[in-house]
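Protein chains in written order, with our numbering: chain D, 1 to 168; chain G, 1 to 168.
Don't read these hints as lab results, they were simulated from the structure. Be a bit skeptical, because a hint or two may be false.
Copies of the same chain look alike in the list, so a pair counts if it works inside one copy or between any two.
Stated by the list, open to error - 20 Å max Cα-Cα, derived PhoX-like pairs, lysine-lysine:
{"no.": "1", "residue 1": "Lys139", "residue 2": "Lys153"}
{"no.": "2", "residue 1": "Lys139", "residue 2": "Lys36"}
{"no.": "3", "residue 1": "Lys116", "residue 2": "Lys139"}
{"no.": "4", "residue 1": "Lys163", "residue 2": "Lys116"}
{"no.": "5", "residue 1": "Lys163", "residue 2": "Lys137"}
{"no.": "6", "residue 1": "Lys139", "residue 2": "Lys91"}
{"no.": "7", "residue 1": "Lys91", "residue 2": "Lys136"}
{"no.": "8", "residue 1": "Lys153", "residue 2": "Lys91"}
{"no.": "9", "residue 1": "Lys153", "residue 2": "Lys116"}
{"no.": "10", "residue 1": "Lys137", "residue 2": "Lys116"}
{"no.": "11", "residue 1": "Lys91", "residue 2": "Lys137"}
{"no.": "12", "residue 1": "Lys136", "residue 2": "Lys116"}
{"no.": "13", "residue 1": "Lys91", "residue 2": "Lys116"}
{"no.": "14", "residue 1": "Lys136", "residue 2": "Lys163"}
{"no.": "15", "residue 1": "Lys163", "residue 2": "Lys36"}
Please read all numbers here as calculations on a predicted model, not as lab measurements.
2 protein chains.
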Amino acid sequence: MTKGGKDQMSEKVIRAIQDDYADDYAWCYGCGRLNKEGYHLRTGWDGEQTVTIYQPRPEHMAIPGFVYGGLIASVIDCHGTGSASLALHRKNGYEPGEGIEPPRFVTASLHVDFIKPTPHDIPLKAVGTIEEIHPKKWKIHTKVFADDVCCAKGEVVAAVMPKTFAQG
Amino acid sequence: MTKGGKDQMSEKVIRAIQDDYADDYAWCYGCGRLNKEGYHLRTGWDGEQTVTIYQPRPEHMAIPGFVYGGLIASVIDCHGTGSASLALHRKNGYEPGEGIEPPRFVTASLHVDFIKPTPHDIPLKAVGTIEEIHPKKWKIHTKVFADDVCCAKGEVVAAVMPKTFAQG
Numbered sequence: 001m002t003k004g005g006k007d008q009m010s011e012k013v014i015r016a017i018q019d020d021y022a023d024d025y026a027w028c029y030g031c032g033r034l035n036k037e038g039y040h041l042r043t044g045w046d047g048e049q050t051v052t053i054y055q056p057r058p059e060h061m062a063i064p065g066f067v068y069g070g071l072i073a074s075v076i077d078c079h080g081t082g083s084a085s086l087a088l089h090r091k092n093g094y095e096p097g098e099g100i101e102p103p104r105f106v107t108a109s110l111h112v113d114f115i116k117p118t119p120h121d122i123p124l125k126a127v128g129t130i131e132e133i134h135p136k137k138w139k140i141h142t143k144v145f146a147d148d149v150c151c152a153k154g155e156v157v158a159a160v161m162p163k164t165f166a167q168g
Numbered sequence: 001m002t003k004g005g006k007d008q009m010s011e012k013v014i015r016a017i018q019d020d021y022a023d024d025y026a027w028c029y030g031c032g033r034l035n036k037e038g039y040h041l042r043t044g045w046d047g048e049q050t051v052t053i054y055q056p057r058p059e060h061m062a063i064p065g066f067v068y069g070g071l072i073a074s075v076i077d078c079h080g081t082g083s084a085s086l087a088l089h090r091k092n093g094y095e096p097g098e099g100i101e102p103p104r105f106v107t108a109s110l111h112v113d114f115i116k117p118t119p120h121d122i123p124l125k126a127v128g129t130i131e132e133i134h135p136k137k138w139k140i141h142t143k144v145f146a147d148d149v150c151c152a153k154g155e156v157v158a159a160v161m162p163k164t165f166a167q168g
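Taking the hints into account, I'd like the entire structure generated from these sequences.
Right, here's the structure in full:
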C-alpha cells in the first residue's frame, strides 16, 4: 500500500480521469472541472492504485485545527467514482490523457471509518485499491493520509451512471 | 416514520442543538453556527425522531439537476452527531434552548446508500431514528427526503468527542 509522506504530499496528479469527462458530466461539486465553486478533485493512477490529493480550504474544519468529516467523505466519494472510471477505462484499453471519453460512474454506497482526527494544514492524499465486482459495478477501498498517518478508511461501491440520471 | 412532503419541507427547525454548542465547538463547516462559509445545518427533535432541513446551494450538483452525493453524506454526518447530542442531552434531562451546553459528538463511522438521484431544487429533509449502543456511543439511522421521496439512507455511529480532539 502506498503511503503518504511529506515528499509524496507535494505530488500532483498529472493525468486525471476527470480531465477527460464529457462536458455534460464535468459539473460535480467534488470533481467537476467546470464547477467554479467546487473542489476540482482529480484522480489518477499510481501503478495499480489510484490517488487523489486535496488541500482542504480554511473553512473546512470540524473544530479549529482538524478537518471536517464531510469533506473527507466527499474526497473518498469522488475518489471512488474517479477510480472506477479509471479502472473501466483501462479495462477498455485506454488511459487518461488519450482524448477518449471515459465511462462516468455514480456512487451506490459510501462507507467511511474515521480513525484519527485529521490535521487541517496539510494536503490529504486518498489512495485507492480497486476491485471489480461486476463489469458495471466496482468497489474502491481507500485510505486517506495526512502526511504518513492514515486518518480515515473508506469504501465506495460505484456503478456506471444510469440513463435516468442523465435525463434530469 | 415521519416522511417529507411539501408542507413539511417549508418547516424550519426551531430549537436546534447546534445553537447551544459551546463557542469552541461551533466551527464545523457542516453545522457550526460560527463558520461563516459553512452550511449551518441545524438539528432538532420531532417527537422521538430528529430532523435537519437543508436547501443545497446552486453549485452543489452532481450533474445539472441533481444533488452532489458528498453534500448528502455531509448532511447525514452532521445530522448524526447533532442527533446524538440531542439524545444524550435529553437523557441528561435537558432540551435544546434551555441554555445548557450539550455534549459534543464526533463521527466514528458514516454509511450512505444512495437510492435515487436527488433533485436539486427543493430542500432536503433528514429524519433520524436514534439507538443508544453505549452511553458515549450512539447510532443514528437517517432517511433523506426530497419532497416525499426517500433519496438516500444513512447510518452514523457518533461518539462523545475525545479529549485528544480538543487539544488541537
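Going through the hints against the structure:
1. In this homomeric assembly, lysine 139 and lysine 153 come within 20 Å of each other (Cα to Cα) both inside a single copy, at 13 Å, and across copies, at 19 Å.
2. Taking the shortest alpha-carbon separations for lysine 139 and lysine 36, neither the intra-copy value of 29 Å nor the inter-copy value of 36 Å comes in at or below 20 Å.
3. With identical chains, the CA atoms of lysine 116 and lysine 139 are at most 20 Å apart between copies only, with a shortest distance of 19 Å across copies and 23 Å within one.
4. In this assembly of identical chains, lysine 163 and lysine 116 lie within 20 Å of each other by CA distance solely across copies; the values are 12 Å between and 39 Å within a copy.
5. For the homomeric pair lysine 163 and lysine 137, the shortest alpha-carbon distance inside one copy (15 Å) is at most 20 Å, but the shortest distance between copies (40 Å) is not.
6. In the homo-oligomer, the alpha carbons of lysine 139 and lysine 91 lie at most 20 Å apart inside one protomer (15 Å), although the nearest pairing across protomers, at 39 Å, exceeds that limit.
7. For the homomeric pair lysine 91 and lysine 136, the shortest alpha-carbon distance inside one copy (12 Å) is at most 20 Å, but the shortest distance between copies (46 Å) is not.
8. For a Cα distance limit of 20 Å, the shortest separation of lysine 153 from lysine 91 qualifies neither inside one copy, at 26 Å, nor across copies, at 32 Å.
9. Taking the closest pair of Cα atoms, lysine 153 and lysine 116 come within 20 Å of each other only inside a single copy of the chain (10 Å); across copies the shortest separation is 25 Å, beyond that limit.
10. With identical chains, the CA atoms of lysine 137 and lysine 116 are at most 20 Å apart between copies only, with a shortest distance of 16 Å across copies and 30 Å within one.
11. Taking CA atoms no more than 20 Å apart as the test, lysine 91 paired with lysine 137 passes inside one copy only; the shortest distance there is 13 Å, against 43 Å between copies.
12. Taking the closest pair of Cα atoms, lysine 136 and lysine 116 come within 20 Å of each other only across two copies (17 Å); inside a single copy the shortest separation is 33 Å, beyond that limit.
13. In this assembly of identical chains, the alpha carbons of lysine 91 and lysine 116 never lie at most 20 Å apart, being 35 Å within a copy and 28 Å across copies at closest.
14. Proximity of lysine 136 to lysine 163 under the C-alpha cut-off of 20 Å is restricted to the intra-copy arrangement: shortest distance 13 Å within a copy versus 44 Å between copies.
15. Taking the shortest alpha-carbon separations for lysine 163 and lysine 36, neither the intra-copy value of 25 Å nor the inter-copy value of 38 Å comes in at or below 20 Å.
Against the hints set out earlier in the document, violations occur for numbers 2, 8, 13, 15.
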